[in-house]
Structure formats: C-alpha cells, structure tokens
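Visitor: Fit chain B to the known structure of chain A by using the hints.
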Amino acid sequence: MSERQFGDVVLSFDNVSISFGAVAALTGISFDVHEHEIVAIIGPNGAGKTTALNVINGVYQPTDGTITYKGEVRTRMRPHEAAVKGIARTFQNVALFKGMSTLDNIMTGRNLKMKSNLFAQGLFWGPAQREEIEHRQAVEKVIDFLEIESIRKTNVGRLPFGLQKRVELGRALAAEPEILLLDEPMAGMNLEEKEDMCRFILDVNDELGTTIVLIEHDMSVVMDISDRVIVLEYGRKISEGIPEVVRSDQKVIDAYLGVTH
Amino acid sequence: MHPELAFFIEVLIAGLLSGVMYSLVALGFVLIFKASGIFNFAQGAMVLFAALTFVRILEMGVNFWLAIAIALAVMIVMAVIIERVMLRPLVAQPVIILFMATIGLNYFIEGFAQAVWDADVHGLDVGIPDVPWMALLDSTNILVSLFDIWSAVICGVLVLVLAYFFQKGRIGRALRAVADDNQAAMSVGIPLQQIWAIVWAVAGIVALVAGALWGQRLGVQFSISLVALKALPVLILGGFNSIAGAIVGGLIIGAVEKVAEVYLGPIIGGGIESWSAYFIAMLFLIFRPQGLFGEEIIERV
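One line per chain: the protein sequences are A and B, in this order.
The numbers in this note's numbering rise by one with no breaks, and the one at position 55 of the first sequence is 55.
The numbers in this note's numbering rise by one with no breaks, and the one at position 192 of the second sequence is 453.
Hints are not guaranteed to be accurate.
As the list claims (entries may be wrong) - Keeping only pairs whose Cα atoms sit at most 30 Å apart, straight-line, the calculated BS3-like set for lysine-lysine is:
1. Lys429(B) / Lys153(A)
2. Lys295(B) / Lys251(A)
3. Lys194(A) / Lys295(B)
4. Lys113(A) / Lys98(A)
5. Lys194(A) / Lys429(B)
6. Lys295(B) / Lys85(A)
7. Lys85(A) / Lys429(B)
8. Lys85(A) / Lys113(A)
What the hints assert, rightly or not - If we take Cβ atoms under 10 Å as the criterion, some of the chain B residues that face chain A in the derived model are:
9. Arg345
10. Val346
11. Val352
12. Lys429
13. Arg434
14. Val439
15. Ala440
16. Asp442
17. Gln444
18. Ala445
19. Met447
20. Pro452
21. Leu453
22. Gln454
For the record, the hints were derived by calculation from the structure and aren't laboratory data.
Just so you know, even glycine gets a beta-carbon here, dropped at the ideal spot from N, CA and C.
Okay, chain A solo, but in the shape it has when bound:
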C-alpha cells in the first residue's frame, strides 16, 4: 500500500469538543482527513467514536473547536445539509427504511440528485417520470457493484443483517458522496461477509476515489484496509498514525487490555 497517493486535506477537526450536560463526549480532538484516504477511528466502547461521526455529518454541533470541510470553516449544519455537501453515512445498527424494498431504499440515496419540481412529482408525470428512469440506471449500477441483484425487490426488513448492511452501503453510495462515513460496517457479520465488505470498501475507494472514514472493532480488518488509524479513549485522542505504528503503541495496547493506573 506504500504507493498510495492522497490529495489535499478535505476534512479537518481542530480542537473539537462536545459535551452533553456534564458529560464530555469528545475533548480537544484534532485530526485531518485527506482526499482518497481510508481513515479508521478505533477505541474501546464509549470512547466517542460514533459521536465523532455524528459531529462530521451534523447530527451534533461541537461545543468548542472548529471543523473545516473542503477549505470552508463549518458553522452549524444539519444532517441533510451535510448530505447536500457530499457526506454520506451508514449507521451502527443499520437505519434502513424497513417498509421499503432494496431498490427503493437505494433510490432514496438519489434524492438530492433529483430536481423535478414538487407539482410534477406529486402527479408523477412527464419530467418526473423521465428523471426516475434516469436515476434508476444509476441505482442499478450500485446494485450490480454490490452484487445484490437477487434481492432488488425484497423488503429490506426481511433481509439478514449482513445484507442489510450492504444495502445501507448501497444507499450511501447512490448519493455519489465525496466522504463516506461507515459506522461499524462489519459488525455482526461472518468471515465471508466481512471479506466481501472489505472488498467493496476498497473498491469504492479505489475506483471512485471516495474518501472513507470508518469505525470498526475488528482489528485485523482495521489494520488491513486503513491508511491511517486514529485511536480514541474516553473522548480523547491517544494515538494516530499508520496501522503498524498504532498497533505497537503502548498507550493503545493499555487502552485495549486495560492497565491499573
């Protein structure tokens, strides 16, 4: 992986803190994410990993510090505004639209790309119908890519967890994001499913050039696919670097195995 080329800094946290009442979820976090990079955020339970993702896509606003995205300092931002600016994500416990088919779920990912007006949409005529077909083609590409053709029409509520995670990735990809946030993309998967998911993540990064920030508990996966690893513990960053360095960092080993202070 040594020949991998990255672009400029696309996302940057500068001294970001967030607290909920008296509980400090993140304290003084700083890091950069470069274009085309795969960055993993790891840490024990409750370290603030999901909070960090939630801050990036605007679910939470930092109480302190600044976030710079594509060279612009970001003030208050809501999740759908983050989506408009090219940030897509998946969720730890899978947040699919359970009453809808695989196809419809992934189509919602195209929502922002669809332009026809409300009136035409309501009646679903002319331009709206043409547009639907156009976007349907983009979605079919995503479905091919993720090898989920056979479950196209299946209601996602009936799919096993591993496949749901794949559909959720598809929904995020359909938006053609610049940054993809993945919250434990391999949780609850068997070995084969994990290998598939790794391959998809690497392919997305390689073929589409998408920047990826992911949270994962499976260390072998993290060490295999990430360019850089950020380690959090109790809301603070305790280590950062390429996988080989982080792996042998004594602070990281202590955090995972637990030491008596």
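Guide: Relative to the frame of chain A, chain B by itself:
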C-alpha cells in the same frame, strides 16, 4: 326483496356511508402520525377551521370553485406556519412534547377560527342534494341518500390519490422514508422540515374535504371539531399508521353503530350509537392493540 332484508341492507349501507365520513377525519390523523409519530390532537380543530374558512368565503359571494381554491391555499399556508413556528423548534424532542404542543395548537386554532370568522352556525351547501337515490329506491326498495353516495365517491378518489402520491416518485419515497426513520432520512439528504410541511398541508386538505362534507350534514359550527373524537375509535381499530386501516376502521365503526342502534337499541335501550364505537375500541385495545392493519410493535429484548 323481503322487506326485513331490504331494511337491514338499508341500515348497513347507511352505517357504512356514515363510516366513510369517520374515515375521512381519521385519515388526517394517520397521515401526520405516519410521517412524524405525532398524534395530532388539533386535527378536529383543523376540520373546523377549514370548514369555517370555506363557508365564510362562500358567503361573501365568491364562486364555489374559487372558494375551494382559496380554502385549500389557506390550509397549505397554515401547514407551513405550523411547521415553522411549532414543529421546527421542537425537532428531536420526545414525541410526548410534540403531542402536548398539538393540544395547545388545538385550542389556538379553535379560538382563532372563531375570532377571525365567527361562532355562529352556518349552513353549507356543497351542491350535492341530500335526497334519496330514487333509482335504487324504486328497484330494490332500499333508501340511500345521494349525498352519502357522493361523499363515499369523493373519499374514495381522495384515498386513491393519496395512495398514489405516497407510492410514486421522489416525494412519495421521501415521505415513506421519513415515516420509517427520521435520522436515516436526513442522512440521505431528505429535508425533514419540507416533508413535515407537505404532510401537514395534505392533512389540512383532507380536513377541508371532511369539513365541507360534515358541514353540509351538521351545519358548520363549533361542534364539528368534536367529530375528531369519533376518529379515535376508528384509529384504534384500523391502526394509527395505516391508511387502509383508517378506511376499513371507519366503515366498521359506522356500520356497527347503526346496526347496533337499530337492532340492539330496542332490547337494551337506545343511545347505543354514541358509545358502541368506544366499546369496540376498548375490545380492540385488550385483544389487538396494534389494530387491524397497524404494525405490530416488536421489542428486541
């Protein structure tokens, strides 16, 4: 046809048709509940406000269709204002807070409607005569009001349009997505605010249709907002998040009310019509709390 049988059918049809009116009111509740999980206590007040607006504009001598258009526009504007002023600041608050807000909204709209217009009883004629359907009466000896038939047709068309709107294209998908999972919907770039405004506007339009039809029957007056109470058992029967449930629930409640009044009334005393719906609702709460079509709530333990 045997006169007893003809009479039974007549009672049944009358019940089903008045059930259609309950369905209409229940539909407004379901739309908002589906999209936001909020039980909108103010739906009855919206029916009153819509009907009052419509009848008062008509009384000014405005053309019938223009009056409908103006009333529609007023309901849409009201939805946008409700979203801006009430719902947006309360985003991400627990559902019970939003429910309380709709109670406040209910009293506000009731007062506002009567302050802007007035508190008198207004007769409303939507142009459909409330007379027996003679062709049916002559051939089968069954007495059914033409007005009821027309109400059923209008309600049917409205439901079909809504079902289509919810099923097709970007907006339909966005509506269903928001109904399923707010957070996920926002993460794919669906603006929650816009969807909520649309849903409240549609609920307002449904309220206008319900208000106009009830208004012709009962006269447009304050008590029209109480029809919302009849929608409650319908919702318990049909399930809070099912459009089909609102329709079938309304039909069942309407039919049971009338049949019980006519056939059980003489045996156990009259006035059953006013409480039988709640009795059925109670049975449902005990034996099938999710309703006929509602989603069963399964907790992961």
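Visitor: Does each hint hold? Answer for all of them.
Guide: Now the hints, each set against the structure:
1. Lys429(B) / Lys153(A): holds (15 Å)
2. Lys295(B) / Lys251(A): This hinted pair is violated, its Cα atoms lying about 49 Å apart.
3. Lys194(A) / Lys295(B): violated (35 Å)
4. Lys113(A) / Lys98(A): Cα-Cα ~23 Å, so holds.
5. Lys194(A) / Lys429(B): Violated, because 35 Å separates the two Cα atoms, which is more than 30 Å.
6. Lys295(B) / Lys85(A): Within the cut-off at roughly 29 Å; holds.
7. Lys85(A) / Lys429(B): holds (26 Å)
8. Lys85(A) / Lys113(A): At roughly 12 Å apart (the allowed maximum being 30 Å), Lys113(A) and Lys85(A) satisfy the hint.
9. Arg345: At 15 Å from the nearest chain A Cβ, Arg345(B) fails the 10 Å test, so the hint is violated.
10. Val346: Cβ of Val346(B) sits 18 Å from chain A, so the hint is violated.
11. Val352: OK, holds: Val352(B) within 10 Å of chain A, min 9 Å.
12. Lys429: holds (4 Å)
13. Arg434: Interface hint status for Arg434(B): holds (6 Å vs cutoff 10 Å).
14. Val439: holds (9 Å)
15. Ala440: holds (8 Å)
16. Asp442: For Asp442(B), the interface hint holds, since the closest Cβ of chain A sits about 5 Å away, which is under 10 Å.
17. Gln444: For Gln444(B), the interface hint holds, since the closest Cβ of chain A sits about 6 Å away, which is under 10 Å.
18. Ala445: holds (3 Å)
19. Met447: Hint holds; Met447(B) Cβ to chain A Cβ min 4 Å, cut 10 Å.
20. Pro452: Hint on Pro452(B): holds, closest Cβ of chain A at ~5 Å, below 10 Å.
21. Leu453: holds (7 Å)
22. Gln454: holds (9 Å)
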